[in-house]
Amino acid sequence: MEYETIAILMFSTMMLMMLTGQRVFGAIGFVAVVAALVLWGPGAQQMGFSAVMKLMKWNAMLTLPMFIFMGYVMSESRLAEDLYKMFHVWFGPVPGGLAIGTILLMVLISAMNGLSVAGMAIGATVALPELVRRGYDKPMISGVIQAGSSLGILIPPSVVLVLYAMIARQPVSQLWLAGIVPGLLMAALFIAYIAIRCRINPALGPVISAEERATITLGEKIRLLRAGLLPLGIFAVMMVPFVAGWASLTESAVIGALATVAAAVVKGRFTKQVFEVATRSTLAITCMFMLIILAALSFGAVFDGLGAGRAIEAFFIDELGLERWEILILMQLSFLIMGMFLDDTAMLVIVAPLYVSLASALEFDLIWYGILYTITCQIAYLTPPFGYNLFLMRAMAPPDFTLPVIYRSVIPFVLLMLLTLVILMMFPQLALWLPQLIYGT
Amino acid sequence: QDAPIKWRMQTYAGSALGEQVVKPAVDMFNRIAAGQMEIELFYADQLVPTAELFRAMQSGTIDCVQSDDDSMASPTEVTVFGGYFPLGLRYSLDVPALFNKYGLKAIWEEEYAKVGVKHISAGAWDPCHFATKDPINSLADLQGKRVFTFPTAGRFLTRFGVVPVTLPWEDIEVAMQTGELDGIAWSGITEVYTVGWSNVTNYFLTNNISGAWIGHFFANMDRWNELPPHLQELVAVCFEQSHYYRQHWYWAGEADLRVNGPKLQLTTIPDAEWATVETAAQEFWDEIAAESETKAKVVAIIKQYNDVQVKAGRPYRYT
Amino acid sequence: MHPALIRYVRVTEAVNYRVGRFAMYLLFVMMAILLWSSVTKVFKVPALWTLEMAQFTLVAYYLLGAPYSLQLGSNVRMDLLYGRMSARRRAGWDVFTVFALMFYLAVMLWGAIDSTVYSFATGERNPSAWRPYLWPLKLVICLAFVLMLLQAVAHLIRDIAILRGIDLGGEPAGAEKVAGEVA
Ligand code: NA
Ligand code: NA
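Which chain is which? The protein sequence lines are W, S and B, in order.
Residues in the first sequence are numbered consecutively from 1, following my numbering.
Residues in the second sequence are numbered consecutively from 1, following my numbering.
Residues in the third sequence are numbered consecutively from 1, following my numbering.
Everything labelled a hint here was simulated from the structure, so no lab data went into it.
Any given hint could turn out to be false.
To be verified - Derived Cβ-Cβ restraints for the label pairs, each shown as a range:
(1) W:5 - B:166: 41 to 51 angstroms
(2) B:132 - W:314: 37 to 47 angstroms
(3) B:87 - W:125: 26 to 36 angstroms
(4) B:39 - W:266: 15 to 25 angstroms
(5) W:365 - S:252: 40 to 50 angstroms
Virtual Cβ for every residue (Gly too), placed ideally from N, Cα, C.
Excised from the complex, chain W in its bound form (with noise of 0.2 angstroms):
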């Protein structure tokens, strides 16, 4: 059979499985080890294994469970509520200034955790119900809620960054460095928007009455302004050794998650039900993402060894005759029509191995190029029909935010993300200066 015909065969089957609902790593493992008995040849049926053991050597994998962990235990036991309850005091007066002040909850809780999960509960949980109250614009509440929360992916530590870092075969340390300008590029032009917005329309998002204010003495204030010492704090304790060398990776994540747990108990929240709820929810997404992921090494494996990685390669490269940025942005477009359907674990796994490999031949830096990935998976959190946020904000939102509200509410935070994605096209260096600052590379 041609290359090309296997390559599309795959692909089309998989996402005809993926359509029927079936389980997304079942349908791909499934396509995958049927590939491999029809058209492998002899001992095909190691290709689905051997991907267990490939996994099992890649050590950043043990990272993920750690900050899944961190990001249960930060949620469930709602140490972010002084925090919010910080930005809801400073930034009250401002129109819009609560959804600002989400947005800047967003950053630190990225910077606490490897996921956008943890931020879309505590958005949920915390956020939501206050905005909702204040009578905020509900498009406005569920687009700051779901757009905050996928910064958790960009803004070190990322998981994403992790698994890009293993596949790219780049340092995990210098991905994490690049994502901070960037993350906090897009956290800024999200709150210039919510600002310009609701200064041209004050309805979307109402002041806090002057008689509330008053009731708030400026010691309050600065008391909460310490709040905002604690995530900074477990930025540190987590980042300082890695960054400096001290500990490795895998270590600085236990390391992470300890000092959340440590956190939690200090302000007596560590619960019997957060412990639980925390446990159990990391084990579900852990194997969420290791089963597609396995599933995802084999399907890429059996898909490199029929031929087919090359025909994609020789496609872009050879067939299509395009210039390198012509190349390069072809595959963003594609990465993000992907990135409506697919699951980003999937897409990270199955197609990103044949763009970093292109990325990589047609020279642009591998480290850069991790951002505008990080970025595009960002995008498919939040675009229809599948995406991450959308599932999770439709599962926690009250039922007034109905299917078409969330669907139209990302709009305009998809459009800042694109946007994100342009600058950091034309100019690499926002994402590249902070890693050669402390790399020198």
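With chain W fixed as given, assemble chains S and B with the ligands onto it according to the hints.
Structure of chains S and B with the ligands alone, referenced to chain W:
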């Protein structure tokens, strides 16, 4: 003409190194085979993880492999001698000499035939040196260092307090940066520069724990037997050519980069202190020889060979 | 519905629940191992075994935990169409597509058994300085895929029960409600 025969080959080397040490030979083979047969080359861990490589070749999942015996954990009596057998060899020419003149080839062929694998040929790569973050000036500096190295070399180095760490080859650079590793004892200086490890290490120890790596080309026995004789011969010739290429590529590179390499500072453990390591290696050989008859036979050959070299004097041995 | 089938579902899910709960706590074993690794590194005598042991534990964690994660319903599905279906229609689809999942798991098990037999026959050790035998790990992997297969069959029986309008007791044995808590 019939559809071409296709082989999937996986090397234990990553792509940066593979471009040098195996791809030219495979490309050459494909050109000469002119459509009768095509070898598709895959790099480290691309299809199966290196630890599963032997099993994959044995069961036919992969047709052809380039690796040392040690890295792919081949279930044979000769596994420990692949890669770097501590201080067994001085120069890279020792490998073809031992295999072709001193009888190792026959032992390897027999051992691998027992497990369904064709041993095509053995070749030498570079010597094994330490490249580290912090300088090593004495054996005491090795204490507690987490070092990426080959399994057998690692077993040996634990005697000097080294903690051998086994990771996928491609992850070493990252692991050096994340603090998972303090150093690498895997190759000579050519490779340290070629694969970019010189960006994450600062020092290079000129003492080596072996003068040459022993690695091989293998094939699944059934796939090999299915080839017409002229293609078998072409496979063997192209792989021989790649051994030859590595002989001069490394030989030139090792000397040049010590002298002209811009990134690594050289350090040396004095000969008198290094003698401790040489004595320990002799003990290690005896331990290995005690494990089985075949191992004893190989150790005896290595001893005999070294004995001849020492007696021959210069240029074979200078001390 | 045949009582034997109902009994099968009960027993399978009870076993997987317990195995899963056991696996769940391996998280803390991993933490302990990695912490120990840090501690020994600080004292300049890094342990040989920690990295591999942590890797093995992670494999046991997510594979032995996998059947329980199936019970918890935490494995994402693409719900473009699926999300709009009634519970009955979903069950109707799942009755067919679960065979794809089973097929995948069966091939994984096949490969795992192959590899385990090889491991036993050759006394395979992890290629490292610590050189642990690999067969115990591979046995765990085999067991995990067997349990996942059994759980998939339990899901099949549940779906058939839904199609026939029989209530098998909603949640699998011991599985708490996790909607909204799990992505
Ligand atoms: Na983060
Ligand atoms: Na999406």
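Evaluation of the provided hints:
Checked against the given bound of 41 to 51 angstroms, the beta carbons of residue 5 of chain W and residue 166 of chain B, roughly 45 angstroms apart, stay inside it. Between residue 132 of chain B and residue 314 of chain W the Cβ separation comes to about 43 angstroms, which falls inside the hinted range of 37 to 47 angstroms. Take residue 87 of chain B and residue 125 of chain W: their Cβ atoms lie about 27 angstroms apart, and the range 26 to 36 angstroms holds. Residue 39 of chain B and residue 266 of chain W have their C-beta atoms about 23 angstroms apart, which keeps the hinted 15 to 25 angstroms range intact.
A beta carbon spacing of about 31 angstroms between residue 365 of chain W and residue 252 of chain S contradicts the range 40 to 50 angstroms that was offered as a hint.
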